[in-house]
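Enquirer: These protein sequence lines are chains A and B, in that order. Just so you know, we're using our numbering here: the first sequence kicks off at 5 and counts up by one. Just so you know, we're using our numbering here: the second sequence kicks off at 196 and counts up by one.
Hints may be right or wrong, so weigh each one.
Result set (BS3-like, lysine-lysine): computed pairs, CA atoms no more than 25 Å apart in a straight line [as the list claims (entries may be wrong)]: (1) A:221 / A:52; (2) A:68 / A:7; (3) A:73 / B:270; (4) A:68 / B:270; (5) A:214 / B:252; (6) A:101 / B:206; (7) A:68 / B:267; (8) B:227 / A:73; (9) A:73 / B:267.
Hints in this document: simulated from the structure, not taken from any laboratory.
Below, each chain spelled out in residue letters.
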Amino acid sequence: MQKRVAVTGLGCVTAFGIGKKILFDNLRAGNSAVSLISSFDTSDFKTKIAAEIKDFDASLYFPKNETRKMDRFTQFAAVAAKDALLDSEIDLEKLDKSRFGVVLGVGFGGISTILEQHKILLERGPRRVSPFGVPMCIPNMAAGNLSILFGAKGVCETVSTACASASHAIAAAARLIQRGNADIIICGGSEAPINPLVLAAFSSMQALSKRNDDPEKASRPFDKERDGFVLGEGSGIVILESFEHALSRNARIYAEVSGVGSSADAYHITSPDPEAKGAESAMRSALLDAGTVASEVDLVVAHGTGTLANDPIETKAIKAVFGEKAYKTPVISIKSMLGHTLGAAAALEAVAAVSAMLEGVIPPTINLDLPDPECDLDYVPNVARKAEIKCVMTDSFGFGGQNSVLIFKSVNN
Amino acid sequence: MYLEKIADIVKSHLALDESVHITPETSLKDMKIDSLDVVEIIMKIEDAFEIEIPDEKLKEFRNLGDIAEYVKSVKES
């Protein structure tokens, strides 16, 4: 018999600050975290904006001699995980460490470290390349460091499916707990992609908004005048735990991961399938896995990137799965406020989804001023809404056509 | 003089407090300096003293006095 999977802790590092309360207060208020990039000179770049985390200092939370050996994406994960573990009120001393694991989603990993070390290689030669170059840049190092920091000796894995990474990571962790392979898993995602190379590469793809003169209005999912996504950064961490373990320690159970669905478009490396069959199939699988139907879903936390391609195709998939109910189901994009944090996005969306259930509030999709005829659902434009939410679907679609959908359900404690 | 300069490099590298007392006998192990740290510290020492320390020497260094003595021998030879 499969074990049930409880969400017992939520943590995050976002451009709004550290912790789920700061995140949700800002989402509820409809605030944008997007501003001009300050970490490097963007003079030559078409896009000069992002949802950057300013003044982040991991050494406030861990010894400096440890954090200096971590790339920024690992530092985000470490601080978010500490925040989530604190929120879960787990006593680490009392845990069976062999049944305590880590599963993280990471899209890029330590690109900034690669850029720094490559600069040193070119300017000062191979003898000055840091021995920490490898352990800082490899994408599994966020999970590796978390296991070391918190003594987690069970499963320790990294999933990489671009913008769907954190969703696939949460799904993988949920399955491990269902099967009884672990009692508690720190899962989610982390990404620190705001550097010249990633900005230039996404720009060349014509994927990014160029609304530099009005940064807070730049991320506009489902709006007719959207012109691409806005890069973001950060980490979201969800503590998943078997119900029996959570109950044995009298934990607060925030929600249940009740279904996961995964699929591939098998269509194109970056463009979504215009027929939306992959997205549709992942949604149907997740509902089936949850033992529920679309009409039971109270809220869809969309992938909603604000690119020309994503938004109408995601809308098409939702319509195919939900039928007439699609028009009565709120669909939101928190990327309108946080930008697109790539490998961390689905974890932050999970934190937002669970928070929305607990608070009884649906955060808005901001900057939705001019409806796109191809995007004609209820996207909760610009203003938050009170609602009783018992079941949330979160969508994530990564380059490579890799799709993951999660279903969270509320739990009566 | 060599030891002082090396101690400053190590302290700044490990983000240690200024007040930490370092002697020639201070061992790398006690300072929790792992093999990767040693490589980075040696790079900084090479830059500071404008010398080259062969890789084979690294595993011979037990404490900061060993490093200072080696640097002195190269600089004053």
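Enquirer: None of the hints should be skipped; say for each whether it holds.
Expert: Here is how each hint holds up against the structure:
1. A:221 / A:52: holds (13 Å)
2. A:68 / A:7: violated (40 Å)
3. A:73 / B:270: violated (31 Å)
4. A:68 / B:270: violated (32 Å)
5. A:214 / B:252: At roughly 54 Å apart (the allowed maximum being 25 Å), residue 252 (chain B) and residue 214 (chain A) break the hint.
6. A:101 / B:206: violated (34 Å)
7. A:68 / B:267: Cα-Cα ~31 Å, so violated.
8. B:227 / A:73: holds (14 Å)
9. A:73 / B:267: violated (30 Å)
Hints 2, 3, 4, 5, 6, 7 and 9 from the list above are not met by this structure, while the remaining hints are.
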